[in-house]
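Novice: Chains A and B supply the protein sequences, listed in that same order.
For the first sequence, counting from 1, position 169 maps to 249 in this note's numbering; every step adds exactly one.
For the second sequence, counting from 1, position 336 maps to 487 in this note's numbering; every step adds exactly one.
There's no promise every hint is true.
Stated by the list, open to error - Okay, the calculated bits of chain A under chain B, using three or more residues with CB under 8 Å as the criterion: (1) 117-124; (2) 334-347.
Stated by the list, open to error - The calculated EDC-like cross-link candidates involving lysine to aspartate or glutamate, where the alpha carbons are at most 16 Å apart (straight line), are: (3) K391/B / D562/B; (4) K560/B / E233/A; (5) K319/B / D388/B; (6) K391/B / D226/A; (7) K391/B / E233/A; (8) K129/A / E582/B.
Stated by the list, open to error - Some but not every residue of chain B turned toward chain A, in silico, with C-beta under 10 Å: (9) Q403; (10) M520; (11) V543; (12) E554.
No wet-lab data here; the hints were simulated from the structure.
Bear in mind that the values here come from a model prediction, so they are computed numbers and not experimental data.
All residues carry an ideal CB built from backbone N, CA and C; glycine is no exception.
Spelled out, the chains give:
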Amino acid sequence: MEKRVVFRSAWLPYALVAPQIAITIVFFFWPAAQAVWYSFQLQDAFGLKTQFVGLQNFTNLFRDGNYLASFQVTAVFSVLVAFFGLAISLLLATMADRVLRGALAYKTLLIWPYAVAPAIAGVLWAFLFAPSIGIVTYLLRGFGVDWNWIINENQALALVVIASVWKQISYNFLFFLAGLQSIPRSLIEAAAIDGAGPTRRFWTVIFPLLSPTTFFLLVVNIVYAFFDTFGVIDATTQGGPGQATQILVYKVYHDGVKAADLGGSSAQSVILMFIVIALTVAQFRFIERRVQY
Amino acid sequence: MKFTKLAAALAAAMLCAPQAQAQTEIQWWHSMGGALGEALNGLANQFNQSQKEYKVVTTFKGTYPESMTAAIAAFRAGSAPHILQVFEVGTATMMAAKGAIVPVATVMSGAKEPFDPKAYLPTVTGYYSDVKGNMLSFPFNSSTVMFYINHDAFKKAGLEPKAPKTWKELVAAAEKLKAAGQQCVYTTSWPSWMHIENFSAWHNVPIGTKQNGMAGFDTQFSINSPLHVRHVAMLSDMSKKGLFTYAGRTNQGDAKFSSGECAMFSGSAGAQAGIKKAAKFDWSINFIPYHDDVKGAPQNSIIGGASLWVMGGKKPAEYKGVAKFMAFLSKPEIQMQWHTSTGYVPITQASYDLTRKSGFYDKNPGADMPVKQLTNKAPTANSKGLRFGNFVQGRTVIEEELEAAFSGKKDAKTALDDAVRRGNEILRQFEAANK
Chain A
81 MEKRVVFRSA WLPYALVAPQ IAITIVFFFW PAAQAVWYSF QLQDAFGLKT QFVGLQNFTN
141 LFRDGNYLAS FQVTAVFSVL VAFFGLAISL LLATMADRVL RGALAYKTLL IWPYAVAPAI
201 AGVLWAFLFA PSIGIVTYLL RGFGVDWNWI INENQALALV VIASVWKQIS YNFLFFLAGL
261 QSIPRSLIEA AAIDGAGPTR RFWTVIFPLL SPTTFFLLVV NIVYAFFDTF GVIDATTQGG
321 PGQATQILVY KVYHDGVKAA DLGGSSAQSV ILMFIVIALT VAQFRFIERR VQY
Chain B
152 MKFTKLAAAL AAAMLCAPQA QAQTEIQWWH SMGGALGEAL NGLANQFNQS QKEYKVVTTF
212 KGTYPESMTA AIAAFRAGSA PHILQVFEVG TATMMAAKGA IVPVATVMSG AKEPFDPKAY
272 LPTVTGYYSD VKGNMLSFPF NSSTVMFYIN HDAFKKAGLE PKAPKTWKEL VAAAEKLKAA
332 GQQCVYTTSW PSWMHIENFS AWHNVPIGTK QNGMAGFDTQ FSINSPLHVR HVAMLSDMSK
392 KGLFTYAGRT NQGDAKFSSG ECAMFSGSAG AQAGIKKAAK FDWSINFIPY HDDVKGAPQN
452 SIIGGASLWV MGGKKPAEYK GVAKFMAFLS KPEIQMQWHT STGYVPITQA SYDLTRKSGF
512 YDKNPGADMP VKQLTNKAPT ANSKGLRFGN FVQGRTVIEE ELEAAFSGKK DAKTALDDAV
572 RRGNEILRQF EAANK
């Protein structure tokens with residue numbers, strides 16, 4: 081039962097993976113190495129004067145209480161985005177899985193938002209929820225809710241979470257649906273014959289069998305919340321009010337691109353890089369054990 | 152095949168030759184979108200048609216921070232434009248970049264073009280000159296912060312349609328407006344520019360040590376003075392009572408006023424054009440309010456907007472073209488054209504006089520209020536401008552802390568103390584990077 085293909089040539093396998101490795105080095109390792117290099121430097125905006133400052137950029141960051149607060153915002157934000165993103169799409173996928181008529185149209189509509197760029201998604205939601213002209217604001221006012229995320233921190237966070245979740249639901253939905261469809265019907269039928277109701281069937285049969293998909297999506301969603309949501313934030317709250325929605329990656333962008341502070345911004349991205357590496361390792365070490373493939 | 156292509160190219164080259172050979176191109180990167188961009192292109196076209204030697208090529212590079220970032224990246228790659236429009240907040244960063252920029256005074260004297268810094272309004276010259284009085288960048292589009300009121304809303308609340316002169320009067324009017332059912336009473340655009348930077352100048356108190364940073368990089372913020380704390384506390388209190396609606400960090404307040412949602416508003420003089428277009432009510436433009444118990448207030452307000460920086464490392468012939476273009480831009484009639492078509496402030500005395508004589512202000516009442524406010528008194532060390540390193544970050548810090556105060560998360564004193572502490576760290580970082 082030897083299934084592996086063994087190359088006879090010594091160089092061919094390397095030649096075949098070379099393009100992939102080249103791309104990884106040029107677009108991933110090289111910029112990452114540069115970020116690490118810049119993070120030890122203090123530069124003026126134009127790069128005319130460069131000083132090597134060792135770990136000073138890092139010590140500055142960790143002395144800054146506001147930077148530490150940004151960790152907390154990122155944690156809350158990521159957990160909310162990942163949880164709601166997964167929960168809502170799982171619910172939608174379970175329902176779509178049972179739809180008999182018009183299933184294709186239903187699925188297509190659910191997948192649509194994925195084609196929208198994060199910045200557009202942000203602007204869209206910002207318009208809907210705009211403090212003075214938004215439709216949702218108008219409706220909320222009817223219910224007696226004073227909606228002004230420009231100054232209300234919790235509302236601002238809610239807005240960016242909603243926009244980010246909405247953007248990611250399609251992706252999650254697609255994977256959940258595929259996962260659901262690969263579960264053998266016989267198992268579910270057997271459980272039904274044994275007298276398990278729909279809820280019980282879901283939690284004892286379907287959900288455990290979906291765990292590889294759920295785990296994969298959890299990793300993807302956490303990474304999404306950490307990095308890709310920056311477009312949503314830039315288009316809506318820009319980190320405010322105060323620093324209520326300033327997640328780590330947005331501060332990297334603000335300090336590096338807008339404020340031309342390359343050293344500080346690089347130090348932040350190095351820290352961010354380590355966090356994501358640590359998170360991914362932790363997820364694979366501890367959560368994957370409980371996944372049943 | 153090859154031959155015909157070559158022939159065609161030759162023919163084309165010959166046709167264009169008289170121009171292509173002689174013309175030196177001057178690249179100008181700017182941030183003027185929409186109608187402002189058209190006005191700017193109009194200036195470049197006029198210059199290009201007025202002579203044959205040089206051609207100014209304009210490129211829109213996005214918002215102010217975006218075009219500055221683009222220019223910095225281009226400079227690092229060795230392909231910076233000749234002229235770059237930089238917003239006032241970036242002045243210190245540009246100034247510190249010796250080698251990346253050439254002072255305008257040097258460019259002009261090198262090309263033997265006449266250039267008199269004294270022709271400009273003192274508030275403008277002060278903002279863009281070094282301590283020795285050398286003009287570093289060429290003042291281009293300047294505005295200041297103004298105070299607007301909705302006359303219809305005032306009348307509806309039983310108030311005389313006259314702008315409150317002091318903050319005390321403003322609060323009194325705000326309470327009446329609120330009682331009359333006005334949903335948004337007062338709002339502001341550019342909170343730091345209005346309520347910290349111009350507020351300080353208007354009351355003749357320092358924003359930072361070392362003449363607001365003009366006299367050296369070793370400056371520190373001083374925006375947690377009792378007067379600042381009192382002002383921010385007043386705004387926070389107004390916010391709590393629903394008399395002040397916070398609109399955001401940039402010009403979001405403009406739309407809140409022009410739509411009629413808010414009855415009073417402080418924002419850029421440049422907001423006039425938009426209000427004129429959108430407002431379906433009677434309104435007026437006025438001086439910003441002051442606290443009447445502060446000695447010497449009101450002083451004068453400070454400018455915002457942008458100036459033109461000449462980038463380094465170009466050929467002498469190109470600098471000559473840049474100088475010619477700037478001499479062209481300094482002409483009173485060109486300045487007047489820019490001022491009247493955009494709403495920016497006339498920045499030379501001559502263009503102000505010329506505009507007045509033309510009868511423009513009689514036809515457009517209020518259009519001269521900004522320049523009157525800028526020249527209300529001779530500027531002091533506290534009111535000629537400001538120059539803080541990395542002020543893009545600095546302003547963000549100030550705005551974050553203002554938001555914390557307005558939302559009631561921090562009291563005014565704590566918020567401003569934190570703004571000073573965090574702001575000073577940024578200043579020290581800038582000082583270290585530019586030693």
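Novice: Decide, hint by hint, whether the structure agrees.
Specialist: Taking the hints in turn, this is what the structure says about them:
1. 117-124: holds (count 3)
2. 334-347: Coverage by chain B holds for the stretch 334-347 of chain A (9 residues, Cβ < 8 Å).
3. K391/B / D562/B: holds (12 Å)
4. K560/B / E233/A: holds (10 Å)
5. K319/B / D388/B: Roughly 13 Å separates the two Cα atoms, so the pair holds.
6. K391/B / D226/A: holds (13 Å)
7. K391/B / E233/A: Cα-Cα ~15 Å, so holds.
8. K129/A / E582/B: Given that 16 Å is the threshold and the Cα spacing comes to 12 Å, the pair holds.
9. Q403: Interface hint status for Q403/B: holds (7 Å vs cutoff 10 Å).
10. M520: violated (26 Å)
11. V543: At 4 Å from the nearest chain A Cβ, V543/B passes the 10 Å test, so the hint holds.
12. E554: With Cβ-Cβ at 4 Å, under 10 Å, it holds.
In summary, the one numbered hint that this structure violates is 10.
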